[in-house]
Amino acid sequence: MELLQRLNEIFREVFDDEDIDITPEMTANDVDGWDSLSHVNLIVAIESKFKITFSQKELLTFKNVGDLLNSIRGKITTC
Amino acid sequence: MINIIVNDQYNIGHICTRQQCTSGLGDKVAFRWISAHQERSDYTFHNLDSESSKFAAVLQSLGFDAGDILFTFLPKTPEQFFCFLGTLKLQAICGTLFSNFGDEAILDRLGDAKANGVVTKKSLLKKILRVRHQLPALKFIIVTDIEAHQSADILSYPALMRVASDDFIAPLTPPETPSVLHYTSGSTGKPKGVLHAHRSILHQSRTASEVLNLTDSDTFWCTADQGWVTGTSYGVIGPWSLGVTQIHYGGGYDAKLWFDLLQKEAVTIWYSAPTALRMLMREDAGLYQGYDLGALRHIFSVGEPLNPEVVTWARKTLDKDIYDTWFQTETGGIMITNRPGLEIRPGSMGTPLEGIEAAIIADDGDLLGEDKQGNLCLKTGWPSMFATYLGNDVVYQQKFKNGYYYTGDTAVRDGDGYYWFKGRSDDVINTAGHLISPFEVESALLEIEEVAESGVIGAPDELLYEKVVAFVHLHEQYKWSKELEVKMRLHVSNKASSIATPQEIIIVDTIPKNKSGKIMRRVLKARYLGEDAGDISTLED
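First to last, the protein sequences are chains A and B. Per the working numbering, residue 1 is the first one in the first sequence, and the count goes up by one each step. Per the working numbering, residue 1001 is the first one in the second sequence, and the count goes up by one each step.
By construction, these hints were calculated from the structure, which means they are not laboratory data. Since we're looking at a predicted model, the values are computed, not measured. All C-beta atoms in this analysis are idealised placements derived from N, C-alpha and C, irrespective of residue type, glycine included. It is possible that part of the hints are untrue.
Unchecked claim - List of simulated lysine-lysine pairs, DSS-like, C-alpha gap at most 30 angstroms:
{"#": "1", "chain 1": "A", "residue 1": "K63", "chain 2": "B", "residue 2": "K1264"}
{"#": "2", "chain 1": "A", "residue 1": "K63", "chain 2": "B", "residue 2": "K1256"}
{"#": "3", "chain 1": "B", "residue 1": "K1487", "chain 2": "A", "residue 2": "K63"}
{"#": "4", "chain 1": "B", "residue 1": "K1126", "chain 2": "A", "residue 2": "K49"}
{"#": "5", "chain 1": "A", "residue 1": "K57", "chain 2": "B", "residue 2": "K1316"}
{"#": "6", "chain 1": "B", "residue 1": "K1482", "chain 2": "A", "residue 2": "K51"}
{"#": "7", "chain 1": "B", "residue 1": "K1422", "chain 2": "A", "residue 2": "K63"}
Unchecked claim - Stretch by stretch, here's where chain A covers chain B in the computed footprint (C-beta under 8 angstroms, at least three residues):
{"#": "8", "segment": "1090-1104"}
{"#": "9", "segment": "1210-1222"}
{"#": "10", "segment": "1360-1374"}
Stated by the list, open to error - Here are a few chain A residues that sit away from chain B, every Cβ distance over 12 angstroms (derived from the structure):
{"#": "11", "residue": "E2"}
{"#": "12", "residue": "L4"}
{"#": "13", "residue": "R6"}
{"#": "14", "residue": "N8"}
{"#": "15", "residue": "V14"}
{"#": "16", "residue": "P24"}
{"#": "17", "residue": "D35"}
{"#": "18", "residue": "S55"}
{"#": "19", "residue": "D67"}
{"#": "20", "residue": "L69"}
{"#": "21", "residue": "N70"}
{"#": "22", "residue": "S71"}
{"#": "23", "residue": "G74"}
{"#": "24", "residue": "K75"}
Input sequences plus hints: build the corresponding full structure.
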């Protein structure tokens, strides 16, 4: 399954919304319920499903879904 | 004091809209709506009056009447304000739901209130539909972003509003008429519906003027969501009863964007929350250089205690004071507060407003003197005092003794009359200014197959004031894993709300309970904090 699709499934589960279709440009302002606390849920879920970890410093650099995708891609290809 | 009551009309919807128009403010901007993507739209008091009157007419055409209950389940949007004020114009009761609530939180509130209607948006509709079969009183769901009616009872807000007349006039509304409904969490049982009356506007208006210092030449920004009492008392009622222009921003926390807004919109009075202010404090100080906040006269804070470090930071970095205010859902408006003209004692709640009689009372009912910790109580009779807990008058009566309302907070009064918050007298968790019931989180966790028992406490947190910590005992056959952590987090978040999600989950062999099976949260808290648990004679073997 393509990375974008796998991440989309996680978004749907975290935000309890089967209609979410993420795009690289998407930010927290585009998804209902994406607040700082649900963001922690999102990160924990991504770490668990992809078996990766993010550093605090990395987390601060994510401005949109595209940044998140790039970071995940980098981590799973170096695993 | 400003007199906002004309011809005995106490209707909040009327006073905040039509009355402003008849007093000559019809063309004045009531609010500038700034979407999450920063598109701007201005709505005058005339627009606010017209749209809210149309919504009152819509409800009337659907058969709603005085005393019926309608909820909004919306993020911050212009429709939130039109629906809220329109519902009140009709003398129906308006409840507001935080848009991050999950299925169970929605069911508990709509079910308990026997709500007749709810206004929501398409992306949130599915949450309501999942529990709809358990809500027999719910007649209509009105959806703000569908263009055509979906069925006989799932209706399009734009379609309804297109044909509605805006000549609805609120009937003469006596002060005791029920108005706003907010649910609040207790340490046991389901959340309780705090019902207010239209008379609350007297106090909300007075405090908007006397505490927040609002005048009709101000631009006011209250960051609170309308799902909570601050969002209705001071994001709607207080300022609009005074004809004040507000800005309402539909996006979330973003330090740079927030400061861009403060500067660009020339905000003069800003009301926010300690957690947001602490987040701002953590940003690089350089971020704030170069901003011209010359228009900003005052900053206020509400939700949980404001730590002295934030006051010091604001003085140093922004050259501004922050005034911490204290009130509760039940009080409807500010009771004890720091305010311009009163020396700030950083970390203190401030002093009671004139006419508000606060007291520190021991558990045995004795009034305590200065520097003694006890129950923070308020002499009854302030105008915005809640009318009852909906359908639960027994619990309402239990909150009063000898003419005092027991707030559930504990505090100390110093020799100069300043009050200092000490904690809660119950187990309710205050996380980022939101009260969370440990019972609700425990109940959600118990729905997870792997969980045998759970106990939930609030633990000190530098950012959130308190964080939700869950102690979980797993069934023997299950092992702790990262996947299980995700499962627990998402289950609580999607059933209750994101703010109820445990920030820490601790796996234990057993949950301490007393001999009658009640979870001893104070023992869990003491263990977590490494403190003495005190008397544990009632702990089961």
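Verification of the hints:
1. K63(A) with K1264(B): Distance ~23 angstroms between K63(A) and K1264(B) Cα, so the pair holds.
2. K63(A) with K1256(B): holds, 13 angstroms
3. K1487(B) with K63(A): holds, 26 angstroms
4. K1126(B) with K49(A): holds, 26 angstroms
5. K57(A) with K1316(B): Since the Cα atoms of K57(A) and K1316(B) sit roughly 26 angstroms apart, the hinted pair holds (cutoff 30 angstroms).
6. K1482(B) with K51(A): holds, 9 angstroms
7. K1422(B) with K63(A): violated, 38 angstroms
8. 1090-1104: As far as the segment 1090-1104 of chain B goes, the hint holds, because 3 residues have Cβ atoms under 8 angstroms from chain A.
9. 1210-1222: Violated, because only 0 residues of the segment 1210-1222 of chain B bring their Cβ atoms closer than 8 angstroms to Cβ atoms of chain A.
10. 1360-1374: violated (count 0)
11. E2: For E2(A), whose nearest Cβ neighbour in chain B is about 21 angstroms away, the distance exceeds 12 angstroms, so it holds.
12. L4: holds, 20 angstroms
13. R6: holds, 14 angstroms
14. N8: holds, 15 angstroms
15. V14: The claim breaks: V14(A) does not keep its Cβ more than 12 angstroms from every Cβ of chain B (closest is about 6 angstroms).
16. P24: Non-interface label on P24(A) holds, nearest chain B Cβ at 16 angstroms vs cutoff 12 angstroms.
17. D35: Contrary to the label, D35(A) does not stay out of reach of chain B, its closest Cβ about 6 angstroms off (not over 12 angstroms).
18. S55: holds, 17 angstroms
19. D67: holds, 15 angstroms
20. L69: Per Cβ check, L69(A) is outside 12 angstroms of chain B; nearest 19 angstroms; holds.
21. N70: For N70(A), whose nearest Cβ neighbour in chain B is about 21 angstroms away, the distance exceeds 12 angstroms, so it holds.
22. S71: Nearest chain B Cβ is 18 angstroms from S71(A), so the label holds.
23. G74: Correct as stated: the minimum Cβ-Cβ distance to chain B is 20 angstroms, above 12 angstroms.
24. K75: Label holds. Min Cβ-Cβ 15 angstroms, cutoff 12 angstroms.
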